[in-house]
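Chemist: The chain contents come next:
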Amino acid sequence: MAFFNISSTIGVILMTGTESTTGNITLSLLMVLILLMAVALMFGIPLEYTALLVMPLLLGYMAYYGDLVAIGIVFLIYIAFLVTKRFIIQ
Amino acid sequence: MGKLTTALVFVLALNVLMFLAQASTMRLNPNTYTEFWTNDDSMIDHFDKDGTLVLDTEAALADLPEGKNEVNPDTGELFTDTFTSIKQWIAEKTGLNYLYTIIAAPYSLLVMMNLPPEICLAFGVLWYAVTFFLIVAFFLGRDV
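Read top to bottom, the protein sequences are chains V and Y.
Using the numbering used here, you'd call the opening residue of the first sequence number 417 and step up by one each time.
Using the numbering used here, you'd call the opening residue of the second sequence number 38 and step up by one each time.
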C-alpha cells in the first residue's frame, strides 16, 4: 500500500489518516485535499496552487489504481489550463 | 498573447503534461501501470528524433517553408491560381501549417481516455470549430 514516500509530511498524513481515521487510502487522499484547500482558504492563497501539491499524489494513485486514470487526466487538463493561464502568459 | 497562441500553448502544455504523467506512472509502477498516452502523432512525436526521446533540433529547419507557388497565365485560371497561391503563401510562409495540428489534439486526448464516442465527437467539434475560426481570423489579420 505504501507506494508514496511515508517519511514525508503528506505521506505521514496519509498513513496515519488511513490507519486511525478513515481506514481507506482514497478517503485519506480526499482528507488531504480538503485540508490543503482549508489551509489555502485560511491564508488567502489562490486555490489553484494546491493543485501543484496534489498532482504528485494523484500521479502515484494513477500508477497503482487504473480506475483513477480518467480522473487524473481531467486533473492534468486542469493543470494545463493553469500553466497556460498563470505561468506562461503572465 | 493572442487567442490562437493561447490555444497553441494550451495544447503544447497538455501534450507535455500527459507525456510526463505517463512516464512517471511507468516509473512508479513498472508492472501493472495503465497506458493512457502514446506519442503517436502528437506534438512531442513531431519533435522527437526517431522515437529516441532526443529533441530533434533540426526539425525547426524542416518546419520552415521552402515551397514556391506559381500562377500560370496560360490556363485561363488566373484568378483561382492567384487565390490559391496567396492562400498557400500565407499558410506556408507564416508557419500556419504547423498550427493546423492543434485543432485535432484534444480530440485524440479524449479518445485516449476511452470516453464514449459521442462525447469525443461533441467536445472535439467544439475545439475544432473554435480553433479553425481562430486560424481563419489569423488569415484575415483579426484579433487572435
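Do not rely on the hints blindly, as some may be mistaken.
Said to hold, decoys possible - Computed footprint of chain V on chain Y; a stretch qualifies when at least three of its residues, placed anywhere within it, have a C-beta under 8 Å from a C-beta of chain V: (1) 39-48; (2) 69-76.
As the list claims (entries may be wrong) - If we take Cβ atoms under 7 Å as the criterion, some of the chain Y residues that face chain V in the derived model are: (3) L54; (4) T62; (5) N109; (6) S145; (7) L147; (8) V148; (9) P153; (10) I156.
FYI, nobody ran anything at the bench for these hints, they're computed from the structure.
We put the beta carbon where it would ideally sit given N, CA and C, even for glycine.
Chemist: Identify whether the interface hint at T62/Y stands, where standing means a beta carbon of chain V within less than 7 Å of its own.
Modeler: holds, 4 Å
Chemist: Does L147/Y meet its interface restraint, that is, does its C-beta lie within less than 7 Å of any C-beta in chain V?
Modeler: violated, 9 Å
Chemist: For the restraint on L54/Y, tell me whether the closest CB of chain V is nearer than 7 Å.
Modeler: With Cβ-Cβ at 5 Å, under 7 Å, it holds.
Chemist: Has the stretch 39-48 of chain Y got at least three residues whose CB is nearer than 8 Å to a CB belonging to chain V?
Modeler: Result for this restraint: holds, n = 3.
Chemist: With 7 Å as the cut and Cβ atoms as the points, is P153/Y at the interface with chain V?
Modeler: violated, 12 Å
Chemist: Can V148/Y be said to touch chain V, with a Cβ gap under 7 Å?
Modeler: Not OK, violated: V148/Y not within 7 Å of chain V, min 12 Å.
Chemist: Tell me if the interface restraint on N109/Y is satisfied: Cβ within less than 7 Å of some Cβ in chain V.
Modeler: Hint violated; N109/Y Cβ to chain V Cβ min 44 Å, cut 7 Å.
Chemist: Checking hints one by one. Is S145/Y an interface residue toward chain V, by the C-beta closer than 7 Å rule?
Modeler: Since the shortest Cβ distance to chain V is 12 Å, the answer is violated.
Chemist: Tell me if chain V covers the stretch 69-76 of chain Y under the three-residue, 8 Å CB rule, please?
Modeler: As far as the stretch 69-76 of chain Y goes, the hint holds, because 4 residues have Cβ atoms under 8 Å from chain V.
Chemist: Should the interface hint for I156/Y be scored as holding, given a Cβ-Cβ cut-off of 7 Å against chain V?
Modeler: With a minimum Cβ separation of about 12 Å from chain V (threshold 7 Å), the hint on I156/Y is violated.
In this structure, the hints that do not hold are numbers 5, 6, 7, 8, 9, 10, in rising order.
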